[in-house]
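Visitor: The residues making up each chain are set out below.
Number of protein chains: 2
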Amino acid sequence: MCSTHLSERGDKETVETGELLMPKFDRDGLIVAVVSDVVSGEVLMVGYMNEEALTRTIETGEAWYWSRSRQSFWKKGETSGQVQTVHEILTDCDQDALVLKVSVAGNGATCHVGYRSCFFRKTVKPEHGAVRLEKVEAEKVYDPADVYGK
Amino acid sequence: MCSTHLSERGDKETVETGELLMPKFDRDGLIVAVVSDVVSGEVLMVGYMNEEALTRTIETGEAWYWSRSRQSFWKKGETSGQVQTVHEILTDCDQDALVLKVSVAGNGATCHVGYRSCFFRKTVKPEHGAVRLEKVEAEKVYDPADVYGK
Chain A
5 MCSTHLSERG
15 DKETVETGEL
25 LMPKFDRDGL
35 IVAVVSDVVS
45 GEVLMVGYMN
55 EEALTRTIET
65 GEAWYWSRSR
75 QSFWKKGETS
85 GQVQTVHEIL
95 TDCDQDALVL
105 KVSVAGNGAT
115 CHVGYRSCFF
125 RKTVKPEHGA
135 VRLEKVEAEK
145 VYDPADVYGK
Chain B
5 MCSTHLSERG
15 DKETVETGEL
25 LMPKFDRDGL
35 IVAVVSDVVS
45 GEVLMVGYMN
55 EEALTRTIET
65 GEAWYWSRSR
75 QSFWKKGETS
85 GQVQTVHEIL
95 TDCDQDALVL
105 KVSVAGNGAT
115 CHVGYRSCFF
125 RKTVKPEHGA
135 VRLEKVEAEK
145 VYDPADVYGK
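Here the protein sequences line up with chains A and B, keeping their order. Read in order, the letters of the first sequence correspond to residues 5 to 154 in the numbering used here. Read in order, the letters of the second sequence correspond to residues 5 to 154 in the numbering used here.
Hints should not be assumed to be uniformly reliable.
Given that identical chains are not distinguished, each listed pair holds provided it fits within a single copy or across any two copies.
What the hints assert, rightly or not - Computed list of lysine-lysine pairs in BS3-like fashion (alpha-carbon distance at most 25 angstroms, straight line): (1) Lys-129 / Lys-28; (2) Lys-126 / Lys-16; (3) Lys-16 / Lys-144; (4) Lys-105 / Lys-144; (5) Lys-126 / Lys-144; (6) Lys-79 / Lys-28; (7) Lys-16 / Lys-79; (8) Lys-126 / Lys-105.
Rather than coming from a laboratory, the hints here were simulated on the basis of the structure.
Just chain A, same shape as in the assembly:
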């Protein structure tokens, strides 16, 4: 039973302009995946996939990652319900980065801190001194304690 598979890396031109997915995994076997909302285009999170997580994502249409901190597969939403349905997967020219356009189930948030996007803070440049952060999301979507416990 052979299903879909990724292709081996080709030469520069084949990778950059060709019609086969031949992702470059780094020395840890990972590729970076930028996750954006399929409707608004907002960047929700950045995750990492190994070959198996990418294949599972393509096969199932739901996003799987490799958790670098836990060193294990991680189906987004397994605990929180914030499952990502993947509508489109894009690759960049040198095929060492992916963009996933998703819709989020459950409470619709992505960040474990409680916000819609993990990118809920922007930098503020001071005249001098430490670069500060300011929230761009006014309110949390949910209280993480309700999902993950105290």
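Add chain B to chain A, keeping to what the hints say.
Guide: Below, chain B without anything else, positioned relative to chain A:
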């Protein structure tokens, strides 16, 4: 003459919910930066910054990266004219990824292959066999030969 600076990493809560930029650089001293169009939200490219590139970006308002292939600083647009004016820099919860909202000067394209975005191809899942790619941008914005030579 001391100007702006980044902060040392704090504990988990300070990093995740605090008001200071304390980025986590990986073992190569780099942090991933997702670059999106400030108006459309489209993801244009993924680059990497070391501490100096990030500081230069914050200080100048134009995007600087660290080129992993050339192992050197890289001001986007220096050769191509596709300079990125940075309108906003966001960080994620654990501060190991950035989003830059930019506008692009010159011909308005970002990809060295000639397309507006580096993510100009999407995956197509076959019934079985190799995962294929299909262009999502119908036409190139420019001919790279005109910018970079043959």
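Visitor: What are the numbers of the hints the structure violates, in ascending order?
Guide: none
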